[in-house]
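Work the whole structure out from these sequences, hints included.
Chains as they are written, first to last, in the numbering used here: chain A, 3 to 140; chain B, 3 to 140; chain C, 3 to 140; chain D, 3 to 140.
It is worth saying that the hints were derived from the structure and are not from the lab.
Among these hints, one or two may not hold up.
Which copy is meant is left open, because identical chains are indistinguishable; a pair holds if it fits in one copy or across any two.
Simulated crosslink set (SDA-like; lysine to any residue; CA at most 25 Å straight-line) [stated by the list, open to error]:
{"no.": "1", "residue 1": "K114", "residue 2": "V7"}
{"no.": "2", "residue 1": "K130", "residue 2": "E48"}
{"no.": "3", "residue 1": "K114", "residue 2": "G10"}
{"no.": "4", "residue 1": "K124", "residue 2": "L72"}
{"no.": "5", "residue 1": "K114", "residue 2": "F9"}
{"no.": "6", "residue 1": "K52", "residue 2": "H68"}
{"no.": "7", "residue 1": "K130", "residue 2": "L72"}
{"no.": "8", "residue 1": "K52", "residue 2": "R8"}
{"no.": "9", "residue 1": "K124", "residue 2": "E14"}
{"no.": "10", "residue 1": "K124", "residue 2": "A26"}
{"no.": "11", "residue 1": "K124", "residue 2": "H83"}
{"no.": "12", "residue 1": "K114", "residue 2": "R75"}
One-letter residues, chain by chain:
There are 4 protein chains.
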Amino acid sequence: MANVVRFGVSIEERLLERFDALIAEKAYVNRSEALRDLIRASLVEEQWEKGEGEVVGTVTLVYDHHASDLAERLTESQHSHHKEIVSTLHVHLDAHNCLEVVVLRGAAAQLKHIADGLIGTKGVKHGKFVATTTGELG
Amino acid sequence: MANVVRFGVSIEERLLERFDALIAEKAYVNRSEALRDLIRASLVEEQWEKGEGEVVGTVTLVYDHHASDLAERLTESQHSHHKEIVSTLHVHLDAHNCLEVVVLRGAAAQLKHIADGLIGTKGVKHGKFVATTTGELG
Amino acid sequence: MANVVRFGVSIEERLLERFDALIAEKAYVNRSEALRDLIRASLVEEQWEKGEGEVVGTVTLVYDHHASDLAERLTESQHSHHKEIVSTLHVHLDAHNCLEVVVLRGAAAQLKHIADGLIGTKGVKHGKFVATTTGELG
Amino acid sequence: MANVVRFGVSIEERLLERFDALIAEKAYVNRSEALRDLIRASLVEEQWEKGEGEVVGTVTLVYDHHASDLAERLTESQHSHHKEIVSTLHVHLDAHNCLEVVVLRGAAAQLKHIADGLIGTKGVKHGKFVATTTGELG
Chain A
3 MANVVRFGVS
13 IEERLLERFD
23 ALIAEKAYVN
33 RSEALRDLIR
43 ASLVEEQWEK
53 GEGEVVGTVT
63 LVYDHHASDL
73 AERLTESQHS
83 HHKEIVSTLH
93 VHLDAHNCLE
103 VVVLRGAAAQ
113 LKHIADGLIG
123 TKGVKHGKFV
133 ATTTGELG
Chain B
3 MANVVRFGVS
13 IEERLLERFD
23 ALIAEKAYVN
33 RSEALRDLIR
43 ASLVEEQWEK
53 GEGEVVGTVT
63 LVYDHHASDL
73 AERLTESQHS
83 HHKEIVSTLH
93 VHLDAHNCLE
103 VVVLRGAAAQ
113 LKHIADGLIG
123 TKGVKHGKFV
133 ATTTGELG
Chain C
3 MANVVRFGVS
13 IEERLLERFD
23 ALIAEKAYVN
33 RSEALRDLIR
43 ASLVEEQWEK
53 GEGEVVGTVT
63 LVYDHHASDL
73 AERLTESQHS
83 HHKEIVSTLH
93 VHLDAHNCLE
103 VVVLRGAAAQ
113 LKHIADGLIG
123 TKGVKHGKFV
133 ATTTGELG
Chain D
3 MANVVRFGVS
13 IEERLLERFD
23 ALIAEKAYVN
33 RSEALRDLIR
43 ASLVEEQWEK
53 GEGEVVGTVT
63 LVYDHHASDL
73 AERLTESQHS
83 HHKEIVSTLH
93 VHLDAHNCLE
103 VVVLRGAAAQ
113 LKHIADGLIG
123 TKGVKHGKFV
133 ATTTGELG
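Written out as structure tokens, the structure is:
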């Protein structure tokens, strides 16, 4: 496991009380865990803003699989980016609607481009891209 | 399929030219498709802000599966919400790190609560919640 | 001044190194300052999500003051909410375009409603709402 | 005034009904106005993502003016960027807290850097940056 260090934080008592209430509500086990999450989130945001290094992202798509050959076009589009597309989860929401989550890995700009293409595919009702990390952040 | 209608939009010529350039870049097939996406995105946002009706969401988690019993705790937490948790996709990022995407369905507030619990689990390095729709938006 | 306390945080060494690089780049004076900012930002987000208590927000508007009686309509709309609208800053961007920043204070839902009204006013080119705090967060 | 053109949009009837309900609630005068706002917002987002051209932004800061020489440090920092800082609005929230909105204009990356510096200043409780436009979007 990673080498763990310890440092001290100065904070106004009232601010700490409010933070403790928030982390209790969010079910964090302790302050360190909650702060590490805030720290990692700010690093992931920075990494994506700068477009540096290898990153991981997910695209959530909702669409009607009855729309003319949409499922086929999405599959084809995913295959043409097989190097970046790691895996896909498909959920049948009802008789018409599907939810698909596509996991991508590669350079930030390239992932953003593939995600735009999937979300912009005719017939896709809603699409959202999430930028995350390969996990090498401590 | 849904009943399709048509209406006219007035717009400054220069603004339309710039929008056309943007949708070409994002690979939309035409303006209607791009505008329907903008419209649906604003409806999904509103639906989540108001917390109305049944919604769908995904949670993206990155974690080290070597962290003491984390995978087990995540699985248990997901089982205790089996009514809302529809499906889970698991990807092995490297020898240590996993990416998990959890698909949720139910009332907005309840989904947000479950997502907070998963993201706040000790050992989860990065977590993001995406609000989407059951697809019943036209 | 507020009563200041101190507590310890455990963190992976590599994660701390990367956070130190980020806060150096963002010109924070020390880790405590950077962490207090992350903590307050998460509290402000929570406060707005729950719609609790008195909050403060700003609306940034860009519009062409030549658009028929727009400036007048914006002023009137602001006067009809004089209880919530604290102050307004007006900047002349060029011969046509104005930027206006409106500071609001009151209940979250009410501020959101006023902001929607201002942003949706015919002729406003771009509008953005920022949720902040009355400052009573430690 | 700008040259106005007109084009047709095809859309599912149910989706249009829901959009009409949303724009009524947000007090838009008609669909064209609402759609132009969605279009401009997507262009502004793109412009900032790419970091192209001259842009405008606002920084909202909340701080305690009793914090040692904070107001002075903020003023100094603003003066050292007088070329980009257009104007500042100051509001007295209570006996301790101030809200300050700073309007910036220049290259995207430079504005982001100045905003980071202001938000990261020791004693600033909450800060948010808003990216907007010079208004030259139609």
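**Request:** Against the earlier hints, flag every one the structure doesn't satisfy and list their numbers going up.
**Result:** 1, 3, 5, 6, 8
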